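Asker: Residue numbers (the numbering used here), protein chains in the order written: chain A, 1 to 568; chain B, 1 to 482.
Honestly, the hints are just simulated from the structure, not real lab data.
Since the model is a prediction, treat every value here as computed from it, not as a measurement.
This list has only true hints and no planted wrong ones.
Not close to chain A: a few residues of chain B, all C-beta gaps over 12 angstroms, as computed:
| # | residue |
| --- | --- |
| 1 | Val210 |
| 2 | Ala271 |
| 3 | Ser274 |
| 4 | Asp298 |
| 5 | Leu300 |
| 6 | Tyr301 |
| 7 | Lys305 |
| 8 | Val351 |
| 9 | Thr396 |
| 10 | Leu404 |
Below, computed lysine-lysine pairings styled on BS3-like, alpha-carbon distance capped at 25 angstroms:
| # | chain 1 | residue 1 | chain 2 | residue 2 |
| --- | --- | --- | --- | --- |
| 11 | A | Lys472 | B | Lys387 |
| 12 | B | Lys383 | A | Lys472 |
| 13 | B | Lys376 | A | Lys472 |
| 14 | A | Lys476 | B | Lys387 |
| 15 | A | Lys551 | B | Lys376 |
| 16 | A | Lys551 | B | Lys387 |
| 17 | A | Lys299 | B | Lys82 |
| 18 | A | Lys551 | B | Lys378 |
| 19 | A | Lys232 | A | Lys249 |
| 20 | A | Lys554 | B | Lys383 |
| 21 | A | Lys460 | A | Lys407 |
| 22 | A | Lys472 | B | Lys82 |
| 23 | A | Lys476 | B | Lys378 |
| 24 | A | Lys299 | B | Lys387 |
| 25 | A | Lys344 | B | Lys74 |
| 26 | B | Lys376 | A | Lys554 |
| 27 | A | Lys533 | B | Lys378 |
| 28 | B | Lys378 | A | Lys554 |
| 29 | B | Lys74 | A | Lys299 |
| 30 | A | Lys476 | B | Lys376 |
| 31 | A | Lys480 | B | Lys378 |
| 32 | A | Lys533 | B | Lys383 |
| 33 | A | Lys551 | B | Lys383 |
| 34 | B | Lys74 | A | Lys339 |
Sample of chain A residues with no beta-carbon within 10 angstroms of chain B, all distances over it, derived:
| # | residue |
| --- | --- |
| 35 | Ile141 |
| 36 | Gly154 |
| 37 | Ser158 |
| 38 | Asn187 |
| 39 | Lys249 |
| 40 | Thr426 |
Here a beta-carbon is modelled for each residue, glycine too, at the ideal position from N, C-alpha and C.
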Amino acid sequence: MQASLSLPALSPAVPRPSYVVQSALPLPPSKPINLRFCGLRREALGFSPLGRSDSHRVRLSAPSRSATISASSSSGNGSPPKSFDYDLLIIGAGVGGHGAALHAVEKGLKTAIVEGDVVGGTCVNRGCVPSKALLAVSGRIRELQNEHHLKALGLQVSAAGYDRQGVADHANNLATKIRNSLTNSMNSLGVDILTGVGTILGPQKVQIGSSDKVVTAKDIIIATGSVPFVPKGIEVDGKTVITSDHALKLEFVPEWIAIVGSGYIGLEFSDVYTALGSEVTFIEALDQLMPGFDPEIGKLAQRVLINPRKIDYQTGVFASKITPAKDGKPVTIELIDAKTKEPKDTLEVDAALIATGRAPFTQGLGLENIDVATQRGFIPVDERMRVIDANGKLVPHLFCIGDANGKMMLAHAASAQGISVVEQVTGRDHVLNHLSIPAACFTHPEISMVGLTEPQAREKAEKEGFEVSIAKTSFKANTKALAENEGEGLAKLIYRPDNGEILGVHIFGLHAADLIHEASNAIALGTRIQDIKFAVHAHPTLSEVLDELFKSAKVAHVPSPVSEPVAV
Amino acid sequence: MASSPFLSKTPISFSSSISTSLPWRPSPFSSSSSTAFRSNPRRRTLTVQSKIREIFMPALSSTMTEGKIVSWVKSEGDVLSKGESVVVVESDKADMDVETFYDGILAAIVVGEGETAPVGAAIGLLAETEEEVAEAREKAKSSSSASAASSSPAEAAVTPTPPPATATPAPAIAQPAPSATATYTPKKGVATPFAKKLAKQHKVDIASVVGTGPFGRITPADVEAAAGIVMPTKPVAAEPTSVAAAPPKPSAAPPPLLPGSTVVPFTTMQAAVSKNMVESLSVPTFRVGYPINSDAIDALYEKVKPKGVTMTALLAKAVAMALAQHPVVNASCKDGKSFLYNSSINIAVAVAINGGLMTPVLQDADKLDLYLLSQKWKELVEKARSKQLQPHEYSTGTFTLSNLGMFGVDKFDAILPPGQGAIMAVGASQPTVVADADGFFSVKSKMLVNVTADHRIVYGADLAAFLKTFAKIVENPESLTL
Numbered sequence: 001m002q003a004s005l006s007l008p009a010l011s012p013a014v015p016r017p018s019y020v021v022q023s024a025l026p027l028p029p030s031k032p033i034n035l036r037f038c039g040l041r042r043e044a045l046g047f048s049p050l051g052r053s054d055s056h057r058v059r060l061s062a063p064s065r066s067a068t069i070s071a072s073s074s075s076g077n078g079s080p081p082k083s084f085d086y087d088l089l090i091i092g093a094g095v096g097g098h099g100a101a102l103h104a105v106e107k108g109l110k111t112a113i114v115e116g117d118v119v120g121g122t123c124v125n126r127g128c129v130p131s132k133a134l135l136a137v138s139g140r141i142r143e144l145q146n147e148h149h150l151k152a153l154g155l156q157v158s159a160a161g162y163d164r165q166g167v168a169d170h171a172n173n174l175a176t177k178i179r180n181s182l183t184n185s186m187n188s189l190g191v192d193i194l195t196g197v198g199t200i201l202g203p204q205k206v207q208i209g210s211s212d213k214v215v216t217a218k219d220i221i222i223a224t225g226s227v228p229f230v231p232k233g234i235e236v237d238g239k240t241v242i243t244s245d246h247a248l249k250l251e252f253v254p255e256w257i258a259i260v261g262s263g264y265i266g267l268e269f270s271d272v273y274t275a276l277g278s279e280v281t282f283i284e285a286l287d288q289l290m291p292g293f294d295p296e297i298g299k300l301a302q303r304v305l306i307n308p309r310k311i312d313y314q315t316g317v318f319a320s321k322i323t324p325a326k327d328g329k330p331v332t333i334e335l336i337d338a339k340t341k342e343p344k345d346t347l348e349v350d351a352a353l354i355a356t357g358r359a360p361f362t363q364g365l366g367l368e369n370i371d372v373a374t375q376r377g378f379i380p381v382d383e384r385m386r387v388i389d390a391n392g393k394l395v396p397h398l399f400c401i402g403d404a405n406g407k408m409m410l411a412h413a414a415s416a417q418g419i420s421v422v423e424q425v426t427g428r429d430h431v432l433n434h435l436s437i438p439a440a441c442f443t444h445p446e447i448s449m450v451g452l453t454e455p456q457a458r459e460k461a462e463k464e465g466f467e468v469s470i471a472k473t474s475f476k477a478n479t480k481a482l483a484e485n486e487g488e489g490l491a492k493l494i495y496r497p498d499n500g501e502i503l504g505v506h507i508f509g510l511h512a513a514d515l516i517h518e519a520s521n522a523i524a525l526g527t528r529i530q531d532i533k534f535a536v537h538a539h540p541t542l543s544e545v546l547d548e549l550f551k552s553a554k555v556a557h558v559p560s561p562v563s564e565p566v567a568v
Numbered sequence: 001m002a003s004s005p006f007l008s009k010t011p012i013s014f015s016s017s018i019s020t021s022l023p024w025r026p027s028p029f030s031s032s033s034s035t036a037f038r039s040n041p042r043r044r045t046l047t048v049q050s051k052i053r054e055i056f057m058p059a060l061s062s063t064m065t066e067g068k069i070v071s072w073v074k075s076e077g078d079v080l081s082k083g084e085s086v087v088v089v090e091s092d093k094a095d096m097d098v099e100t101f102y103d104g105i106l107a108a109i110v111v112g113e114g115e116t117a118p119v120g121a122a123i124g125l126l127a128e129t130e131e132e133v134a135e136a137r138e139k140a141k142s143s144s145s146a147s148a149a150s151s152s153p154a155e156a157a158v159t160p161t162p163p164p165a166t167a168t169p170a171p172a173i174a175q176p177a178p179s180a181t182a183t184y185t186p187k188k189g190v191a192t193p194f195a196k197k198l199a200k201q202h203k204v205d206i207a208s209v210v211g212t213g214p215f216g217r218i219t220p221a222d223v224e225a226a227a228g229i230v231m232p233t234k235p236v237a238a239e240p241t242s243v244a245a246a247p248p249k250p251s252a253a254p255p256p257l258l259p260g261s262t263v264v265p266f267t268t269m270q271a272a273v274s275k276n277m278v279e280s281l282s283v284p285t286f287r288v289g290y291p292i293n294s295d296a297i298d299a300l301y302e303k304v305k306p307k308g309v310t311m312t313a314l315l316a317k318a319v320a321m322a323l324a325q326h327p328v329v330n331a332s333c334k335d336g337k338s339f340l341y342n343s344s345i346n347i348a349v350a351v352a353i354n355g356g357l358m359t360p361v362l363q364d365a366d367k368l369d370l371y372l373l374s375q376k377w378k379e380l381v382e383k384a385r386s387k388q389l390q391p392h393e394y395s396t397g398t399f400t401l402s403n404l405g406m407f408g409v410d411k412f413d414a415i416l417p418p419g420q421g422a423i424m425a426v427g428a429s430q431p432t433v434v435a436d437a438d439g440f441f442s443v444k445s446k447m448l449v450n451v452t453a454d455h456r457i458v459y460g461a462d463l464a465a466f467l468k469t470f471a472k473i474v475e476n477p478e479s480l481t482l
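Please put together the full structure from these sequences, using the hints given.
Answerer: Right, here's the structure in full:
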């Protein structure tokens, strides 16, 4: 990002700068000079000093990674600092820590990563990765068992079945494979993997495991992640009352399983279990299933993913007590009304999956040594992921990313936060726009979203005084979706009709998780609808659903600044 | 989405509630459709007090006699405010969100998702206040148990083979109110989620089923056994046609199916087509064919094709212009006693879409120019594909056009849709050897059109004159582009 050095004086009226260039001196700046430089928003770009058209945003530098990698590894993982063992120490080798480590090496930092359990963390070992293996199986078996669908395609398949152990092995093998490649990628880059629980002893000082080994680092990132949250009163035995950790091992397929919580995790497991022949009862504390999704998408999802399947549900109830099966008795679940707390019902089922969310994992981290108090278990951070201590002051050289800070509990969000931190410690300020981070639920069909839901957008609009418009397109009108005989689906765009800003996009339909990135990239880069609608999509593809979505939006005519071709 | 005010205070009769609450519905239809309502025995058992309103199955199109509940947007106990969507109903033409016109609480869902109810039947109960919710549920429950009781209680309680589902006189309400009652009886009567769903589909009273599953649980197999299903066939197949008259007709045993055969029940759209086709038998129709020289219109078509004009639009326009000169062919006979001269010329065009048959309507086809008409047609087809046609876009036709020419069909015979005076069947344009008055042979393109008409109002001479005008327009098509 050499460009950042040649900036002339800048307009002070730039709204919401996303990048603040701290003086790019070779040594850490004694006093940060905040040069505002380029905003994400269109209005900020009138002065673009390099004559960049506003579609070119200054972004994270992305030089060819391989070139940088070879340079840094041959030079022994960056130049050694004056008095620290490492430039950057990351506690926790999950997806967040891994993303941060890779970017740190690219930036020439001498990096170590501390892992007290297995490399890969929750995502790779007990989360997204093995669950995708199970969902891949679920998707196939669903197709093979859907006679009506197959017949419409002219296919004939005799009874499809599955081997539980084979499915479980597939999930386990996938996790192992990804874990190994993660480990290898860090080894080959020269990231030191220190095994043991990392405990912060004081500023810039971490003890590894119970040994006396203490390492120092100029900057430290906490990336310790989270564990399944089990509400009190629920006894997890790992066999009939389980969390996602156990469920992913698929040690048995119960005939009837109750899933407590109907968020992403619960929904994905309901997809897997019903495909494998289980019947499912959802227990949801809120008044409706799938809280957190855009209501319209949730409604459609319920119509497709819940109602026609062997699923029933109870909403507005808490599972106050769950007892595992023993002595020939089934799993019993006592339900109380979520509002009145009065006993409501008792369920007897074969298994119960607790999918009530995840709790941050900060045990043994030594937060007390640096006077940091967790809030509801989460480590408090500012928008730059800098840790805030009990007195509300920033702890120097200490950052926290991922599930442990609770900002957005998604693997790729953790990784993006890690990259953002590395950017900051290497001299370029960076604030991650969390509204541009997509999320996906890998049911069949998939659900994905980025930005605000409609109620959130309306609330914001009310507060800030702008209009909100909605555009929708159906998968029923998409050639590719119809070719696949998967016309069920909806894409929804929430936007500002006055300036074409994309506030949120929600997709339910075939491959929704892969489709969302056009929208999330547009939000991240600040691309407006009036610009993106001219982008061309290959025909016939599912991406035309989004193409149509953007084209159907009605944006007031905005006199856009003439965009000239730019020599870069 | 079309909103239909479909709530009315009881005890208002069906027909009055329909005609007052569906202002957009063309009035000539209401008399014909109200004949479809059967007397509902449930309405006597269910003495609903004031403040508890019934939610009716709305009539979403003129041809709709029953609707399928696609999904309940709201659940029991939800507070509704005026204008909110409550339920999604699949009519014979489209899925529609149906909104409430009253504030209140959805007390009971009487007809569950996936089930069908005749137009005007109560599908749910709306209470005004919390206190009335329980009352409404009582009503819903008592009525359902009453109807269950009426069909031989002893039998239902003991034997695992109750009478087939269709024997219940009021199928739409034969199952207990969902979730409120069926979910829990300690240790006894525990049913799995799928068993409950099946029970609902097959109208089996879950309380009467003996569970054989683990922990005495009622399994899907138990419910199927109770419903008298030996082989797990498509559950929808058991859905009764609730339009049928109140006394159930025990149908004669159908001939055994060939091994490997499958029974695929009609979709709502297919059911509507079937019903219309049977109804058409009550109209005395006759047919008149006419050969038309199509060289000129083919040439014109080649010229205007780049401008987005389709053959459908050309033909619709030509038909409309001919109809303008022969209003009797655009008339219809609804009551067998009078001519109904339609005020506008609306050409319905039959199209096959998504495995179904739809007739999007080009309204005022005589007044719109060719290009607007083509534009309009594209929009209609698009909407039809995505099931978004509004009622006025498929139910207001005064004359139907059906074209199978593009498939190489040289001539065919169309069935007159109920409520219209005539339908035109257009065959392919084919090179034909013709001899002229001087005895010279030449090859000209000819297409055969065949009009089916209602002989109560359209006579042979009328049709012949109409066809002559139509042929003249098609053979000299310049006027179409004006």
